[in-house]
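Colleague: Chain A is fixed; fit chain B onto it per the hints.
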Amino acid sequence: MTKEPLEEQVLQITADNNFGDVIVVGGGISGIQAALDLATTGYKVYLVDKAPTIGGKMAQLDKTFPTNDCSMCIESPKFIECDRHPNIEILTYTEVVSVEGEAGDFTITLNKKPRYIIESKCTGCTVCAEYCPVRIPDPFNQELSSNKAIHIFFSQAVPLVPYIDESCHFLRDGKCTICVGVCKNNAIDLHQKPEKRVVKVGAIVLAPGYDVFHPEVRGDYGYGKYQNVVTSLDFERLLCATGPHVGEILRPSDHKHPKKIAWIHCVGSRQTTDGGNSYCSSVCCTYIQKQVILAKDHDADMQAMIFHNDIRSYGKDFERFYQRAENLPGVKFIRSYVTVGREVPGSKNVTILYATTDDGVKEEEFDLVVLGVGLIPPANVERFAEIFGIGLNAHQFCNTNAATPIQTSRPGVFISGAFQGPLDIPESVVAASGANALVGELLKARRGKLSKERIYPEERDVSDEEIRVGVFACHCGANIGRVVDIPSLVDYSKTLSNVVHAEEGLFICSTDAAQQISNTIREKKLNRVIVAACTPKTHEPLFRDTLREGGLNQYFFDMANIREHCSWVHSKQKEEASQKAKDIVRMSVARVAHLEPLQEFDLPVNKTALVIGGGLAGMTSALSIANQGFEVHLLEKEANLGGMALRIPATLEGMDVQEYLRDLIRKIYEHPLVHVSHSASITDVSGYVGNFVTTVRSEGRTRIIKHGAAILATGAVEYRPVEYLYGKTDRVMTSVELGEQIALNDKKLTDARTLVMIQCVGCRQEDRNYCSRVCCTHSIKNALKLKDINPELDIYILFRDIRTYGYSEDYYREASGRDVKFIRYEPGNKPTVEAVNNGGSEILRVGVSDPVLGREFAIDADIVSLAAAVVSSEGTYEAARLFKVAVNQDGFFQEAHVKLRPVDFSAEGVYLCGTAHYPKHMSEAISQAYGAAGRAIALLSQDTVTASGSVCEVNQDTCVSCGACISVCTYGAITFNETNKAVVNSVLCKGDGLCNVVCPTSAISLKHYTDEELLNQIDAAIDRKQFEFENR
Amino acid sequence: MSAEHGFQPKIIGIICNWCCYGGADLCGVSRFQYPPHIRLIRVMCSARVDMFHVLRAFSNGQDGVFIGGCHLCDCHYVTNGNFTAFSMVQVFRKILKLIGIYPERLRIEWVSAGEGIRFANFMNEYSEELLKLGPVGKSEGMDGKTLALKLEAVKKLIPYIKLVLTQRLHVPVMTEEAYHEFFSSREFDRLFDELIADKLAISLITSLLREKSLSTGEIADSLGLSPSEVARHMIGSSRQGLVRYDVNSKCYNLA
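Sequence order for the protein chains is A and B.
Counting in this note's numbering, the final residue of the first sequence is number 1108, and the numbers go up one at a time with none missing.
Counting in this note's numbering, the final residue of the second sequence is number 526, and the numbers go up one at a time with none missing.
Any given hint could be a false lead.
As the list claims (entries may be wrong) - Below, in silico cross-link-like pairs of lysine to aspartate or glutamate (DMTMM-like), each with a Cα-Cα straight-line distance of 20 Å or less:
#1 Lys648/A with Glu396/B
#2 Lys133/A with Glu171/A
#3 Lys426/B with Glu171/A
Claimed, not checked - Which residues of chain B face chain A? A few of them, derived with a C-beta cut under 7 Å, are:
#4 Arg302
#5 Ala318
#6 His324
#7 Ser410
#8 Met413
Just so you know, these hints were derived from the structure itself, not from any lab.
Beta carbons: idealized from backbone N, C-alpha and C, even for Gly.
This is chain A alone, in the form it adopts within the complex (with noise of 0.2 Å):
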């Protein structure tokens, strides 16, 4: 691939609509997060997906681990971001059919199925669904519940737009086309044909995401013959307002609500027998705790009792998230491979076989019961490969590498979540934000090239003219108008004071009607807008662009919700419900009056990014920063690069990590955009997004150093035990020591006849209650290699859960057949060592009590080995303060949001990765690292970060100096000036006005929420005419 030529055909071929810069398939939360990530970089994005909407696998989810986040209040303005972005086409309804070309140079062939609609007349009004007459299985609610042949996906759709499905009569046979004779907007077009197009990209970010395993193929646990029996995912839809029984847990059979309920663990996972899958799923126990935990806020009376294999509580709160579920009253846990019975006739009950410690097999009646099945490779996976020419791995997962988990086999081709293999959702966004890094990297010469800004007219002062309110009431089709009498709000609308204009419309929200909005601006000279409509949480800015687009101040703009809060909540009370409308809008009117103009402002961007910790994830990401144009410093407190990872002389999967840090350190020094600085340590940090000045000592030298984002990769370190004789005797190790002693073939492990391995030391417990992921996998590594060097040496692997997530389960299977004893202990029963003289030799007596047998063994061991915590290091604590991030009771960094920003920071500009975010792998860590740098560049690729113009201002007058303003104002937003007085910076300002109501003399006053304007909205709820009536 040739730069100049390729720069000359982007150019030329701009205008072309079928010329971008990435594909991104899938549209999930992955699929999102990588087209916004790479939209906002500066790069054309068509976000194609197969569904008639975007969202994903998550938009079906009720809540979301381990905050039990709604699902799709969390992801919903994901949808309307996308739609909005100027630089991402949504293609949905779509498939790729092939590709041609290669890295930079891809010609894609696309199939666009009927969904006989034509998107841009329809508005969503979802008429057409109440009139058909043919009702079908809805796939959204897993076939729980029923819905039109036309209907739109889901509520929060995007496009929202509906989609006819096969079953359709027109379809099938030709009669019915009730749907074409009510859209008013002539929206329907059943003799719609696929659409073939060809669109050109330099890079695919593949997002196909993952399906979940079909219990019905093999019937397991009676799926598909007992109705009580259910998946994991059908029963997300019975918990979820949105579900098949509005958020009512009724049980197929009968519809009621089952009293006793029984999950069981690892459904077509973990299992080497045909038809399952060897590796572990990784999120079934979390979402499994998530569902008892609902489940009981949903009747608290509820039994439950959950069959599990190994708690795989490896992800972090995941632990204190196992403790909840398991606390409940009437939760049970227990640890016991199961069958299904039978179904009891009459009750439609299930009985399940469990076995116990005391009373053997048992069987026990459920009412309902749920199946945690795993996940799998998307349908015709291998179909999609050859579409790809991508190859797969063993598990038909797609196949990457643990130093390149972003990466597909074949150049330019890159993939985002569980594609990868089975990953939870911060996983999946991580590695989103990952892809945009390695596209930039390939792309960088393209970056904003063919990206589009929005151009709006000038604005027009109307600080001289009188107030002019237009007010635009919405039917909302029938949404509003069946309940609400429009036509009299419009009437009365125009008998308020200022109101010069009132109209109604069927869909304010059309593009078309957005347009006549602007017109009328100009035309009747408006200066203030209101959309009596429906929620500002989605459509505030959409008619914010309006007013721009007719030349007004964005913030002159209310809107009165009298669909959500109105229409929709009194929907049998229409008289009352016309008069609060009619409050509703006097109140709004009320409050335009004293709304004021406010300017967003444009802060520059310095273009240099600081990475802290010279560590294998804070290397990743400066080196993938530096290869898409940009200056990086990294810094690293130790005189030489590689933190950790320099102990670590391989993976599990094999990987030489010496050898590839040897490479990554190379490429450091060697890139002319990094600047390492050794021995470093930061004295201060001002500043904020887009323009930090931080000072740091390295040397005996001390540099200001100017940045516009910064990576925080502080690492972790290996907890120091106290336990088992550590530090008493060299026989006792950690198990990163041990790994070292191996790979230095150490005589005193040769020489060893056995080896134990204790788990979970110093975590897992009071002080540090939290899993720390890596040591199951490290011991086992370490059992591997031993075996490898020595296959008569006896291995004891002491544990509490065995956690190895993923594919790792395929090597704990390994050691298990290559004869590596497995023994489970209890936490209230831990092991005991002991240093014995066995004649004349020093051995170590290691004593554990098996629950299961309930047997007391002695083990004399040779060589102890101790899977330490992996803990937070100083480093990370001494950022957090510096750059004013948090960090949780664990001492690791917390994330603005544990799912969908898992690598910002609350505070802008700043991002993190690697162990200080919690221990990790590092394939993960290298993700993660890509993660980082993907946002980082996000926002270095920006000229300037637009700042809200609805932040607070000082009175200086009326300010008394007392400070509780500036103590409240956890941003540090606010600071007295040379005279003592309060200012505020609006960089840092959030809006949240919190320090408006400490203020004694109400000096400090937030834009957009100001007293005069609230008080107004207060006053203006009261009718006075008609309260006086009342009152005579």
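Modeller: The following block gives chain B in isolation, referenced to the frame of chain A:
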């Protein structure tokens, strides 16, 4: 507590954009029904709800004020502003009680953007409760003028109460338990009485005396305080030169 015939409560709801507003939206999307009594106002954070706003709503004759925020520790902002809103409500409810208004009229609840049903439940419950309580003022046995006078006295103290809130009623640990514990503790009662209740009583008394001269007994009657308590305030206020005792009429005047 007798509901007037045909009485429909008027409620102002001030709710945060990130959680409760989203919850109210989801409630609509899910078509959960609730009575049409509330008028909602959106703010970015529940912390933005000022005592002046609450006071104004009651002065306007609103029968209830509802504040909705994110669950504690789930605030969208790192300021954790909902704790501040919570504290404000605890103090304001005590003030309402002190001036003879049912404190239940002011309510604060946490609703996440995913809890449409929870929002509906609160709306149903709260409307029901206010329906039982009846119209503000009237059902507490005061006429509009007395209500206005009392609220005016509170309003004058708000700047001072804000200082008390930040300086003396600050809970050091930001957890739900710590806040609940503090605001249900005797220590809080004591601090409230010492720092706010007395000041408020005096403010109420001076407001009353602005209208006309009154005897200790008359003051006690109109404020629902014991005569001895009023006497204590009168002596203190006389010393400070706020009021003057007229021996002839046996009444107090403003100084």
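Colleague: All the hints need checking, so say for each whether the structure fits it.
Modeller: Each hint tested on the structure:
1. Lys648/A with Glu396/B: holds, 19 Å
2. Lys133/A with Glu171/A: holds, 17 Å
3. Lys426/B with Glu171/A: violated, 65 Å
4. Arg302: At 6 Å from the nearest chain A Cβ, Arg302/B passes the 7 Å test, so the hint holds.
5. Ala318: Holds - the Cβ of Ala318/B comes within 7 Å of chain A, reaching about 4 Å at its closest.
6. His324: holds, 6 Å
7. Ser410: Hint violated; Ser410/B Cβ to chain A Cβ min 15 Å, cut 7 Å.
8. Met413: violated, 14 Å
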